[in-house]
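Next come the chains, spelled out residue by residue.
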Amino acid sequence: MSEQIGNVWVFIEQEGGKIADVSLELVSKGTELAAKLGVSVEAVLLGSNVGNCCDTLFQYGCKKVYLADDPRLEPFTVLPFAKVIMDLIKEYKPNILLFGATMKGRELAPRVASEKLAGLTADCTDLRIDDFDDKVNKKFYKNKLMQIRPAFGGNIIATIVNTWDDPQMVTVREGVMKMVEPDPSAKGEVVKVDVALTAEETVVKVIERMRQDKTVNLKGAQIIVAGGYGVGSAENFKLIRELAQVLGGEVGASRAAVDAGWIDHDHQVGQTGVTVRPKLYIACGISGSVQHCAGMSDSKKIIAINTDPAAPIFSVAHYGIVGDLNQVIPMMIKAYKAKA
Amino acid sequence: MSYTIIVFVKQVPDTQNITGQAMKPDGTVNRQALPAIFNPEDLNALELALQLKDRYQAKVTVATMGPPAAAEVLRNALFRGADDAVLLTDRAFAGADTLATSYALSKCASKIGKFDLILCGRQAIDGDTAQVGPQIAEKLKLPQISYVEEVLELTETSVKARRAIEGGYEILESPTPALFTVVDANEPRPENAIRIMKYKKAKTKSELAASKTSTYVGGESVAEDLETKAAKGLLIREWSAADVEADPGRIGFAGSPTKVKQIQSVVLTAGDYKAVEATEAGVSNLIHELIEDHTLG
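Note that the protein sequences, when read in sequence, are chains A and B.
For the first sequence, the numbering used here gives the first residue as 24, with consecutive numbering after it.
For the second sequence, the numbering used here gives the first residue as 747, with consecutive numbering after it.
Hints are computed from structural coordinates only; laboratory data are not their basis.
All the given hints hold, so there is nothing to weed out.
Simulated pairs of lysine to aspartate or glutamate, EDC-like, Cα-Cα distance not exceeding 20 Å:
hint, chain 1, residue 1, chain 2, residue 2
1, B, K1007, A, D154
2, B, K887, A, D110
3, A, K86, A, D206
4, B, K1007, A, D149
5, A, K165, A, D149
6, A, K362, B, E1038
7, A, K302, B, D1039
8, A, K323, B, E1038
9, A, K302, B, E1035
10, A, K167, A, E55
11, B, K1007, A, D157
12, B, K887, A, E224
13, A, K167, A, D154
14, B, K1007, A, D156
15, A, K362, B, E1023
16, B, K906, B, D930
17, B, K947, B, E970
Computed far set for chain A versus chain B, every beta-carbon distance over 10 Å:
hint, residue
18, V62
19, Q82
20, D93
21, R95
22, K113
23, K201
24, E204
25, P205
26, K210
27, V213
28, K215
29, A219
30, Y252
31, S256
32, F260
By construction, the Cβ of each residue, glycine as well, lies at the ideal position given by its N, Cα and C atoms.
Just chain A, with the same shape it has in the complex:
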């Protein structure tokens, strides 16, 4: 059987013509999956005046960009986006369709999957091509997308397979796939898409919109000093900030510290926050729930500071300091200033 399979598509998320990192991470991963399948990776780009994004997408590995450029596609709303993507799927029949597990991706992908009657796996942390032997239904599937995601509050890792018609759809967490180095000489083809919208898809109006770019760049940080519930108060976070500043790093936080209102959600590391893999992660007063560890355990070096020697954070740490962060952090600052 030599049926031609479709290509690997990546939904490109952009804000004001700036491509989201997660989309480039997915183009990078998509290139790898496409190579394995002997197909190519292609981008689906929607917005208004976003044609200038195409070159970047080619540089990261896209062979083709489906460009839907229309004022009605800015700002992002679900219904028109879903319609345009659905029309494209029907026409070009991709094999795989990747979305970032961002707020936009997580509301758009299910709408598309529902209409296409396709399977959709949320928040994947890894993707692989492999065969699937479905013993229950006695069917063998060649070269399927293995959709790997944490489940049950991060306590288990499940591998999911979509056994129905293509495309195999997933959303993928930000920061988990590695971005390739762009190739400045790479070129590709732009396919202009006719945007056919009816009144039905444009019923939801954006009356007001307020947004700011994130001021915290956890994903790009080489050093992260993160505080948890053990920090004790918003006031005490000063110590975390000070250590981060001295070491030239960013400030991270566990969900418990964010929920307590001591620090903004933008700083949250873990399953419901950002996934990070810095050179050095210093966990201060963080007990180390599986949800938190899922977002930082790939860090190259992890130092855990906690008063409780039984805290689970010590099981992922490379260096453990059992002690009070209020004493240990000043010692670290002093030692660093003395050596550096």
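Starting from the known structure of chain A, fit chain B onto it as the hints suggest.
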């Protein structure tokens, strides 16, 4: 004008507080060992509906798909202020992924009848997918507004809501009927003591039948009891797949395109571990080591 609001809720295992006992020796999760709770963001959806009921006149119907025991969350919703409840339960629904679940719930909404709004929590803590809300909206061809924090205005034909977006918020206007997914942006009201007294007697048909066989005392039949309960507003409607006219090929395992190939438990290990003394000397040596191996610049 009185509005009709459907709130879809889910009973979930409390995955946020997993203890050692909840993990089986083979590393899988023992669902039975976890307390079953009202999915947190579904409580926010219910609260939003009840606020609308307070502000305008509205009838709030709460519905869930689950095993017979899921009637517990419906009663809890009645304690907090919901007007009536529907339990969608059938063995044929078992093994459903989000596509099959949203199909079943969309059929349930259609059977409930005309409505102005459907509210769902953004996501359930057992799967964290956030897919079922948008998929119900698509199945019913409704506009969807995700991540709703607050409803600013509801009229007979439209709704205006504030919702979270990455790095900010938006105010959107949509015609009704519409579907919202609701985030943790309000404080769910507690159960009301007077309503508990009344609605603790609210039961599903199966619960009534079970109580008849176990503690049979009176002479009346289940059918009579059902009528009495219904007259008092204490009957939780219980619907099967056939009751909502669901296509058997689109529900449960058969209606689910995604299959679980493998489950692994999470084992966190760092490899090398070095204990560092919480002393000036210990910390100083650590910093020295990190500078030596270029972790610190």
